[in-house]
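Colleague: Below, each chain spelled out in residue letters.
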Amino acid sequence: MATMRHTERHCDPAGDVLMTTPLWRRHLLLLASALALALLATPFAGLLIATNWQHFHFAGGDGPAIAVSLGYSLLALVPIIVLGTPLAWWLARHHLRWQWAIDVLLLLALLTPPLAMGLLLALMYGPYGPVGSLLERAGVLLTNSPTAFVLAQFYAALPYFVIAARAAFEGVPRELEQMALTLGHSPWRSFLHVTLPVARLGLAAAVALAWVRAMGEFGVVLIVAYYPQGIPVKLWVNLQNLGLDAVYPLLWAFFLTALPLPLVLGLAVRRRRLA
Amino acid sequence: MRIDYEIERPIALKATFDVDGFTVLLGASGEGKTLLLRAVAGLVPAHGEPFDGLAAHRRAVGYLPQGHALFPHLRAWQNVAFALRGAQRRQQALEWLARVGLADLADRWPATLSGGQQQRVALARALARKPRLLLLDEPTSALDPATRDDVMAELIAEVHAAAIPALAVSHDPALAMVADRLVLMHARRIVQVGTPEAVYAQPASGAVARLLGRRNVRHGRITGAPGGPQRLLWPGANVALPVTTALADATSVDWSIASTAIEVYAADAAPPTAINGTFEVCQVGPRERHYGLRCGGERLWVTLPPGRQLPAAPMLHLPAASIHCWPAV
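Note that the protein sequences, when read in sequence, are chains L and S. Quick note on my numbering: the first sequence kicks off at 1 and runs consecutively. Quick note on my numbering: the second sequence kicks off at 1 and runs consecutively.
Keep in mind the hints are simulated off the structure, nothing from the lab. Glycine included, each C-beta is placed from N, C-alpha and C at the ideal position. Among the clues, some could well be false.
Claimed, not checked - A few chain L residues facing chain S, derived, Cβ under 7 Å: (1) Pro130; (2) Ser145; (3) Thr147; (4) Leu176; (5) Glu177; (6) Gln178; (7) Met179; (8) Leu181; (9) Gly184; (10) His185; (11) Val198; (12) Leu201.
Here chain L stands alone, though its shape is the one from the complex (with noise of 0.2 Å):
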């Protein structure tokens, strides 16, 4: 006797793969999310068991560790948005013999451990760097320092906003573009009003990789920037000052911080995509 295969008609557009998969693949499918899933959150479930909600308070000099991650992380996107979109549209439009050279450096920004980054970075922007003696007697204090603060966070995030962004680029058609010429736009009008808005999703979610980035850096900013103390530092002292329960309502206070951006960003992408 035949095997029974049961199908079912799915009503979800964005699961068209699903009509036609046996309901026991569908099962499966359905028991590797949910387990992901649940991986997912036991770190976090342990943190609402593990906080102390009747006395929900937060350590001496959290406030101001909230106020540096956020404004100095806000400060970074700035940066990495003005120098990496230039970089990521350059990449994803033209192939250069040396391309394979910017894909390693690419590649290595992004493998560096974030610890051997920092000491990267002092060795060159440290007070005997030398770009770091330069800057120093230009006035431009680049450790211990909201600079290095910034340059720390910069160099964590930029990579992973550039390869990102490359990709947001190079999905839009290079025939919108040239349109856009051929309709009277100048090279940066068209890429003001057909590339930034076509790729608009891909670049979102290019900010909120690299915001995701700068705000839980905690290695390389330890090394260059351990004052001003952002929340990543601040919850390491809180550990080994005050104990564990000095760190949950920081990092409460973290995720409140730092959710909304991504959140909104993310939505708004997948929103985009399913309609």
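Here the structure of chain L is known, so what remains is to put chain S in place on it, guided by the hints.
Modeller: Frame of chain L; chain S shown alone:
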């Protein structure tokens, strides 16, 4: 308007011809037709008139690429208004859309429009730019066969109404038939120019005949001098056919015969010079039927009038007077 362009890369191409009304440049795929359009639009490096040396955004062309390239993030009217400036741009865009019969669809996103509607939006957008020349790349390729003729009729009527010279490049013989002027390209050269009537009546070469959609165009060789008994050797079918030409002995030729000119006989009634054909396929037309018959290694298409049946073992007679020969290039 005279087009005179020379392109060096990615392929070398030189083309000089006049665009007059709705002009179709007919050529096979890979001839560089799209490249020529893009060169005139300033999108690939090239030299030539008109617009020599101008950046793409300073050339007054209306370019309609294959697939139309509507901006997906803009509504239909915003696409048309893209080339317009000033406070009146929405109003003007709506007027252009009304001209191409799409006023009702002004607020639709491009993805929700049919191929023909997208093409009309693209045309309105190109016309709104007030171009001196319209460039259309394979305008029939993205159209549904059922509505293709109507969409093209409207497009050509619009082009005539706008009184802007239009150059359409295509490999579609059906589009060539509705042109005001036909330019034929083969081996990256312009090989014939004229009205469709003139070109259809006397194709300049076998390549042109093929471009025009003639089916029975084959290679061969002439034996015998003009005036004397001449034969056409058709190596593809390994036969020799009696012909009368002015071509010298041993001339390599492209030859052609109309599918309606081939006479079909049953085996017992065939003239001695008739050749064997083996039935392969039958195309049913509204009245007549077209048969694909294999002759040796190649095929001949034969059209039989309504009511005529193909005999069981058909013999084909190709009358000498109906065979056209061109020296092969």
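Colleague: So, for every hint listed, does it hold in this structure?
Modeller: Evaluation of the provided hints:
no. : hint   : in the structure
1   : Pro130 : violated (42 Å)
2   : Ser145 : violated (42 Å)
3   : Thr147 : violated (38 Å)
4   : Leu176 : holds (6 Å)
5   : Glu177 : violated (10 Å)
6   : Gln178 : holds (5 Å)
7   : Met179 : holds (4 Å)
8   : Leu181 : holds (4 Å)
9   : Gly184 : holds (5 Å)
10  : His185 : holds (6 Å)
11  : Val198 : holds (6 Å)
12  : Leu201 : violated (10 Å)
Checked against the numbered hints given earlier, this structure breaks hints 1, 2, 3, 5, 12; the rest are met.
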